[in-house]
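Going down the list, the sequences are from chains U and Y.
Note that the numbering used here gives residue 11 to position 11 of the first sequence, counting from 1, and the numbers run on in steps of one.
Note that the numbering used here gives residue 87 to position 87 of the second sequence, counting from 1, and the numbers run on in steps of one.
Treat the hints as calculated values from the structure; they're not laboratory data.
Be aware that a few hints might be false.
[As the list claims (entries may be wrong)] Think about it this way: if two alpha-carbon atoms lie no more than 20 Å apart in a straight line, the pair counts; the simulated DMTMM-like pairs of lysine to aspartate or glutamate are: (1) U:Lys41 x U:Glu54; (2) Y:Lys190 x Y:Asp167; (3) Y:Lys28 x U:Glu122; (4) Y:Lys28 x U:Glu98; (5) Y:Lys59 x Y:Glu91; (6) Y:Lys115 x Y:Glu72; (7) U:Lys142 x U:Asp58; (8) Y:Lys28 x U:Glu120; (9) Y:Lys28 x U:Glu34; (10) Y:Lys190 x Y:Asp95; (11) U:Lys41 x U:Asp51; (12) Y:Lys28 x U:Asp51; (13) Y:Lys190 x U:Glu98; (14) Y:Lys59 x Y:Asp121; (15) Y:Lys59 x Y:Asp167; (16) Y:Lys115 x Y:Asp167; (17) Y:Lys148 x Y:Asp135; (18) Y:Lys87 x Y:Asp121.
[To be verified] Here are the simulated distance ranges between beta carbons: (19) U:Leu20 x Y:Thr144: 45 to 55 Å; (20) Y:Gly158 x U:His59: 14 to 24 Å; (21) Y:Thr144 x U:Pro40: 17 to 27 Å.
Note that the coordinates shown come from a computational prediction; the quantities given were computed from them, not determined experimentally.
The C-beta atom is built at its ideal place from N, Cα and C for all residues, glycine as well.
Here are the chains, one letter per residue:
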Amino acid sequence: MRRVFRIPLLAVAALVVVGLGWAGFAPIEVATHEHSFDIPKGTWARRRAGDLVEILPDHIRLTLGLDAVLVIRNHDDVPQTFGPTIMMPGQSFSLPFERAASYQFTCTAHASGSLTIDVEPEPVTPWARIRWRVREWWENRKR
Amino acid sequence: MIRRLILLTLLGAAALADAGAPPAETLKAGVLTPVMAAPALRLTATDGQPLTLGRFRGKVVLVAFGFSNCGEVCPITLATLAGARRKLGAEAARDVQVVYVTVDPERDDAARMRKFLGAFDPTFIGGVGTRAEIDAAQASWGITSVRKMNPDGSYLIGHSSSIYLVDRAGGLRAVMPYGHPADDFVHDLKILLRG
Chain U
1 MRRVFRIPLL
11 AVAALVVVGL
21 GWAGFAPIEV
31 ATHEHSFDIP
41 KGTWARRRAG
51 DLVEILPDHI
61 RLTLGLDAVL
71 VIRNHDDVPQ
81 TFGPTIMMPG
91 QSFSLPFERA
101 ASYQFTCTAH
111 ASGSLTIDVE
121 PEPVTPWARI
131 RWRVREWWEN
141 RKR
Chain Y
1 MIRRLILLTL
11 LGAAALADAG
21 APPAETLKAG
31 VLTPVMAAPA
41 LRLTATDGQP
51 LTLGRFRGKV
61 VLVAFGFSNC
71 GEVCPITLAT
81 LAGARRKLGA
91 EAARDVQVVY
101 VTVDPERDDA
111 ARMRKFLGAF
121 DPTFIGGVGT
131 RAEIDAAQAS
141 WGITSVRKMN
151 PDGSYLIGHS
161 SSIYLVDRAG
171 GLRAVMPYGH
181 PADDFVHDLK
191 ILLRG
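Chain U with its partners taken away, still in its complex shape (with noise of 0.2 Å):
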């Protein structure tokens, strides 16, 4: 029975090893260095109306060398303040990050009157790469 076991589980160990050697050794590659949010045509209207339209989270997380730039993308028809900054209607506001750390913006787009963006330092060690691996395909897969 054991004989029986032996082969697929030697399979099985071998695909593992051969997945986290991949995960924590193969370079990271990214279609675009950066994290884009857009402010739809009308999200002022809809707050106006009393719609808690969410267009940026409270927390965003950057990883330095793969998306340590957040873009924002102004598409409605009054200026909006996000963040560290104005937007005017049409414009766009693309902020890069070189430090890991924690920061925090006054925004009035948030019940809670800030905005935390979170710079991971570059996933470079095995682990690190596995982990923001694993970390990535969870959150695609709740989005």
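Take the given structure of chain U and dock chain Y to it, following the hints.
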């Protein structure tokens, strides 16, 4: 045949020239695109003259908001901006104007702001005005401020702490969040001063 050779040589030269071209310099600050005119300022300057951005056309202007009783954010911001001007050198710094607008018009008059800013750099110009004038300036620049009362009746003000970079033509080009070192300002100011 000769035409083909010439064409190929030209194409090769163009490709080499393109490969050798330095990449466009990017700012350390957050960039606004397309560039639009900076919101208006209609206040009184600490030098007694009207404070409008038009006064500084041709210079790069750093606009920030704060108050003289601020114990944390404003002194750090002002010390950073003063350090950036020093690092730029006297000649380049002549084309850089810092404008610091109060969010506390009840306590900050022109004399108080002048003394406060002068401690960091005598070229800094403060913006003061009535509560209505300051409210209008804050609204147009997207500045929030919240008064926090102390048990003894005094108060502090939590306020937006970004620094706005206005180019020589009066366009609002970029926004530097609080906390960047003087070197980042020097880097961006050099780019903006080149036009």
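(request) If any of the earlier hints don't hold here, list their numbers in rising order. (result) 12 and 16
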